[in-house]
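Undergrad: If you read the sequences in order, they're chains D and A. Numbering of the first sequence is given in the numbering used here, commencing with residue 1 and proceeding in unit increments. Numbering of the second sequence is given in the numbering used here, commencing with residue 529 and proceeding in unit increments.
Any given hint might turn out to be false.
To be verified - Which residues of chain D face chain A? A partial, calculated answer using Cβ under 8 Å:
{"#": "1", "residue": "CYS50"}
{"#": "2", "residue": "ASN98"}
{"#": "3", "residue": "LEU101"}
{"#": "4", "residue": "ILE105"}
{"#": "5", "residue": "ARG177"}
{"#": "6", "residue": "ALA181"}
{"#": "7", "residue": "ILE185"}
Said to hold, decoys possible - Here's a subset of chain D near chain A, in silico, CB distances under 7 Å, partners left out:
{"#": "8", "residue": "GLY48"}
{"#": "9", "residue": "ALA68"}
{"#": "10", "residue": "GLY90"}
{"#": "11", "residue": "LEU94"}
If you are wondering where the hints come from, they were derived from the structure by calculation, not from laboratory data. We treat Cβ as the ideally placed atom computed from N, Cα and C, and that holds for glycine.
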Amino acid sequence: MADQPLVNLTIEGVPVSVPRGTMVIEAAKQAGVMIPHYCYHSGLPVAGVCRMCLVEIEKTPKLQIACATPVAEGMVVNVLSAQAKEARKGVLELLLINHPLDCPICDQAGECELQDYVFQEGRARTRYTPTYAKRFNPVEDFGGDVLYVPNRCILCTRCVRFMEHVAEEPILNVSERGDRAYIGIHPDRQLDHPWAGNVVDLCPVGSLLSKDFLHKARAWELDKTASVCTGCSQGCNVNLDTRNDVVVRMRPRTNLEVNQYFMCDHGRAQYRWLNRGDRMEAPLVAQARELAGVSWDHALARAGEILRGAGGRAVMLASARASTEALFLAKRLLARFELTAAVKVERVPEEIPLAGVPNLALRGERAPNVAGATLLGYTEGYEDALRAVDGAAVVLVVDLPLDGVTADRLRAAGQVIYLGTVLPDAARAAQVALPMASVAEEEGTFVNRDHRVQRYFQAKAAPGMARPAWWVLGALLAEMELGGPFGSAAEAFAWLAAEEPRFGGLSYDLLGTRGVVLPAGRSAGVGA
Amino acid sequence: MGYPHKPHPNETVVLSQYFGDAEARRYDGWVKRGGYQALKQALAMEPAQVIEIVKESGLRGRGGAGFPAGVKWSFMPKEKRKPHYLCCNADESEPGTFKDREIMRWTPHGLIEGCAIAQYAIQAEVTYIYIRGEFTEPIRVMEEALAEAYKKKVLGPNAMGSGKRLDMYVHRGAGAYICGEETALMNSIEGRRGNPRIRPPFPAAQGVFGMPTTINNVETLTSVPHIINRGAAWYKALSLSNPRSTGTKLFSVCGNVKRPGNYEITMGFPLGELIHELAGGVPDGRTLKACIPGGSSVPILTREESESCKLDYEGCVEQGTMLGSGGLIVFDDTADMVYQIMRLARFYAHESCAQCTQCREGTAWTVRILQRILAGQGELKDLDLLLDLSEQMTGKTICVLSDSCAAPVVSGIKKFRGEFEAYINGTRRPRPVLVHA
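Bound conformation, chain A alone:
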C-alpha cells in the first residue's frame, strides 16, 4: 500500500496490507486477520524444516546486503552448545528509508510472529528487537504488542502451548546510524560503544554476548509468516525479472515526487514506473534528473538509468547501483546535485564511528572539499582528489560506512560532473555552507 495513500493497482500488497488499519495493531485484530497461524504451523515443524522452507522461498535480506535469509539461518551451529540469539535490526536510519517504521507502527504482531518463527528455526532463547531510539511511536507500539503477546502466551515459557520458551525484548538505540551495522548493533545491545567489530568471527559463531547470533532486518522477518502461510512456491513466484530475487519489497519513496510514501512491489518491478506511476512522478513542469534507489549509501542513477532499471538485486547491480534498503530518493531538474551529495557526505561524516582512519578522516575531508566547491572556491583538481579519496575509502575499512559515503560522491562526479564544474568555473552562483559535520 502506498501508505499514507491508497494502494496503487500495480502494487503487490503483502506486508503493507494492514498499514493504516488501527485494529491490526491489537492482538485480537491481528488474529482475526489470520495472525499467528504461521507461528503455530512453524512450531509444529522441525527447526530445520522451517529453514528449508525459507531457503526454498528465495527470501533475501531486506536490510541492504540481500543475503539469502534461509542460508544465513543455516550458518547457526547445528549442535547447540551455547545459547543462541536472534537480533532483529530495527535501527532503520538510512536516509530515505522509512519502511520498517511503518511495519512496526501498523503490524507489530507481524514482526513478533516473524521473529518468533526465526527464533524457533535457529533455536534461540531470546530475540532482541533493536529499535532506533528516535522511533518513539514504533517503540511504544512494539512494547505494547510484546506485552500483549506475553499476556496471550504467544511468547514466554510455553509459547503457543508448544512447550518451547520464546523470549523477546525491545532494545532502544541511542541515536547512532552505525548501530544499524550488525556487529555495532550487537556491541550496543551489550552496553558497549556501538563500534563495528572486525570479522571473523562472524555473528553466527560469536555474536551478541559472544554467542551464536543471527541478525535480520524487520522487513525480512515480517515476510517469514507469509511464506509459512502461503508456501515457498507462492513467494518464489513473486518475481518479475530475475528468479534469484523473489517476493515483495517495500520502497520508501521520497524527494521530488507528488506522492511520497511506502510502495510495495514485486521484485523486478520497473523503477521508472514506481517513480512516474505509483509515486505520481515529479511535480508538474519538472523533469526527472536522478534517483538513489536503495537508500543514501548506493550509487546515484541518472534519469536514463532509472527508467531502464528493474527493481531487484540483480537489476540494480546491472545499472551499477544496489537495491540496498529500498529508500528511493528522487531528484528532479531543480535539484542541485553537488549540494545533495555534500548533504549525504555530511551525514556520513557525522555518523562515522571514528575507528578506521579512512572513514574518520576521509568522510570529513570529503565534506570540506564539497563545501569548498559549493562556496565557489573549488578547483578542478579537487574532483580528482575526491575520486582518489573515495578510492581510499572503499573496501579498506571494518564496515562499509565509508564505502557508503564514497558511493554517491563517485557516481555523482561521474554522472553530474558538469554541475561540479559549474561551481568551480564560476558559472553557477556560489552556495556557501558553513555547517560542519
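So here's chain D without its partners, still in its complex pose:
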C-alpha cells in the first residue's frame, strides 16, 4: 500500500495526494471539502445521474461530475467557482419542482440532504410557480419495513443499486421515463429481504421511510450515541437514536472493517427491548421469603456476607450480552471458588449474509459478546452449568432470563446472587438481586466474532437505582477487598487489560469508536 504512487492535485486550493484511481469526490473529502451529491454513495457503484457533484476542473471545458472523474496529476478542482455553484443551484431547483415540499410532515426533515443542500446553496425562491402542476403518485407499501413516497423521490437510484449490487436481489427498478419516472418494485415481490432496511438509510430524502419509525420523532429531537448492535456476533457498529431517554431507532454507523454502511433488519429491531418497562429498579434482598427493596449499601453488604461465608463450588450463569468488563469482574469475584462459568448463547443454524459485502452477515450466534466470554474462559456448556447448580455453594447469575429454570431449581444451590436488568420468576430464588443497566445505559465493550474489541457508549439514563454492571461488580469486589471500586468503565477495562494477557496494552482511548482486533494468541498491546 505504502509503495503505491500517489497522485497530487489541488481541491479548492488545498493540495492532496491520493492513490491513482480515486474519484475527485473522495479526494475532496481529504481536502476537507464535501462536494454536494445525491446519487453517489461510497458503498454503492457509481451512477452519475443526479449531476449534483458538478465541479469545475481547470483546463476542462465542461463541468465534470466529481463522483465519476478520476484524479489526475496536477488537476485543479474548483468546487465553489461561480460556474459550478450555478450548475448545482440549477440541479437543486429542478429537483424541487416536482417535490411536494412537505417537510413539516416528513420523517426525513432535519436529516434530509435535499433540505441541507438547498439551504446551503440553493435558490431562495423557485421559479416553478404554483400554476404548474406537480407530479403525483400515491404512497406505496413496498413490504417489509419500507414505505415509498414517490412524490419526494429524486430518482437517485441508491435503493435500486443497493438491491441489485449489494443485496443482489434486484427487485427494485426505475419505472417509466421522463419526469413520470418512479421507483418500481417487482410485481410479485415484497421488499422483505433481511437487509432491505438499508434502503431507508441510503435514501437521501424522505422517499423511503421506515414504517417502524414513521412519525415517531423529528430528527432534530434525537440524540445519537455510538453503540454496537447486540443482535449477533458480527458486532455491527450502530447509532442509538434516543429521544427523552427512549431509544427510537437503531441505525448503522460506518465502520468499513465490520459492517461498512449497513446493518440487517434483525439488528434494527434490537432497540425495542432497550425500552422495556418491566425493569428492576432497586436492589432486592430476601427477607422472610420475600424480596424487599433496600439501599445499595445494604444489598452490597449482604452479597459480601454471602460470598465471604461460602466456600467450595460456585457456578456462574451469564448472558453473552453482558459486557466484557462485567464478565471479567464477575469471574474475579468468584476467583477463590471452584468455578463453573458458562454463557448461554442462542444459536440458529443459518447465517444471513449481505451478498455484496464480504464477511458481513447476520450470524448464527445471536449474541454480541460470545467471543469475549470465550476469551475470558467461559464455556458454552450452559446446560452442564445448570446441572452443577445442585449443591454449589454460590450461584451468580448475570442478566439471564432463566427460561425453563424454576426458582426451586436454583434453591437447590446454597446461595443465589442475581444481577440483571429484569427480574425473571426464577430469580426470585435469589438472596440478593441487583439491578443493572442495559447496553444503552452504560459504557462497555463487546468482542465480536473476529476478535474485534468494540466500545459502546451510554445513550440514556438507567431506570431507578439500576447501575452499570462494572460499577456493581466493582463495588462488590471492593466489599470483598479483591479490587475496585471503579470510577468509570474505562478504569474497569484498564484492570481487565492489565490482568488478561490477550487484552494487554489496550485502553478505551485506543479502542476509540472503531475498535481494535486482538492479535491471535499474543498481547494486544499496540507496540511502540
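For this one, chain D is given, so just place chain A on it according to the hints.
TA: Below, chain A alone, put in the same frame as chain D:
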C-alpha cells in the same frame, strides 16, 4: 434519388440508386447490381488496410456527430484479447429523419455488406443490427435478407469462402428514442433498461457486454462498400465545399415542401437549393420561414441562414447549427414557431430516460412553460427562464438528449422572439395545449 419521387438531376445518386427497385432487395438482384464485390475485396485485404481506406476516404459518421468512421474503427484494440463487437445503429428515431428506413427497405444487402466489411476491419465476431421497433417493414426486409445472406454463405462460419466467421443478428428496439444513443443502445442489446452510460469507459474499450465495440450508423456502414469498390479518392472527391466533409449524404426532407422525401446530395450542396429546387420549395403562395437541417436536435435556421447554408459538417456549424442526421424540417410562413418548438420539446420530455436531473425535470418544465405561453398566460420573464433552463440543460448531463431539447428552444427564442412575445402580449390568439408530455 428523391424517393418516392424520380431523382432530381442535381442529386448524386449512390446509396439511393436502387430505392424503389424491388429486385435489389433480393440476393440475386443485389449481386447482379454488383453487390458483395466489395466484401470479397475487403476479405482479401488485411483489416488494417480496410481501415486505412475508410480513413483516407474521409467518411464521417452519418448518425449525427460526424466522427470520422475510419478513426473510430482504429480505436479498437489492435491486439485482440477479448471478443469484439460491431453494432449497427438502425434505431432511427430522430424526428424528421427517415433515411435509414429507406436504406433498409430497399438495399438490405447493401447494409449487410457494409456491416460485414466493418466487422472484418475491426475483427468482430458478431454484428448486432439494432433496428427501431416501430420499423416493422425494414425489420422484416432485413431479416429476410440476413437469412438469404446466411443461405448463400455470405455470412456464417466461412463467410464468402474466406475462412472467416461473420455472424450478424437483427435486434429489435422496443420504442425508446434514447436507445439510439450508442451506450443506451448497448444496454438495450444486453437486455437492460436503455439508459446511456457514463463515459469513460468508451465503447471501444468497454461496449456491449463489456467488450470492445464499434457502433456506426446505417448510412455510414452502407457507404463503405461503395468506398471499397470505387476507391477512397473517388469518395474524397465528392465534396462541394469543405474538403473535410466528403461523400454523399441522404437528406430526409419533410414539412412545408411540395415534394417531401429522401434526397441524396454531395457534401457541401446548398441548403437553399435542396429546399427550393429538389424538394420543390414551399407550397405556392407561401414563403420559407425557417428550417431545421439536421433532425430535431439541432438549432433552427432562419430563411436567410438557410439560403446561405452549405450542407456539410462545417457549413452547418458556420450557420450556428449542425448537420446532424440529415432530417430537414421545413417551415413556411404559416408555421407557428412557438407551437412547433413546444411540440419538439414535448417529444424530448417524453423520451428523457430519467437519469439526469436536468433532463428529467428540465425537459418537462420547458414544455410546461411553452404550453403556458401558448395558452396566452405567459410572461416576458418566462423567456429568460426558458433560456436559463436551457443553459442548465446544456453540457451537464450524461448524454445530449437535454442539449437537444434546449437547442431548438434557444435558437427559436433568439430568432423568433416576436412570435413568443405575440402570445405573451395578447396580439396572437391563445392556443391552449392540454396534452402532457
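Undergrad: Out of the numbered hints, which ones does the structure contradict?
TA: 3, 4 and 7
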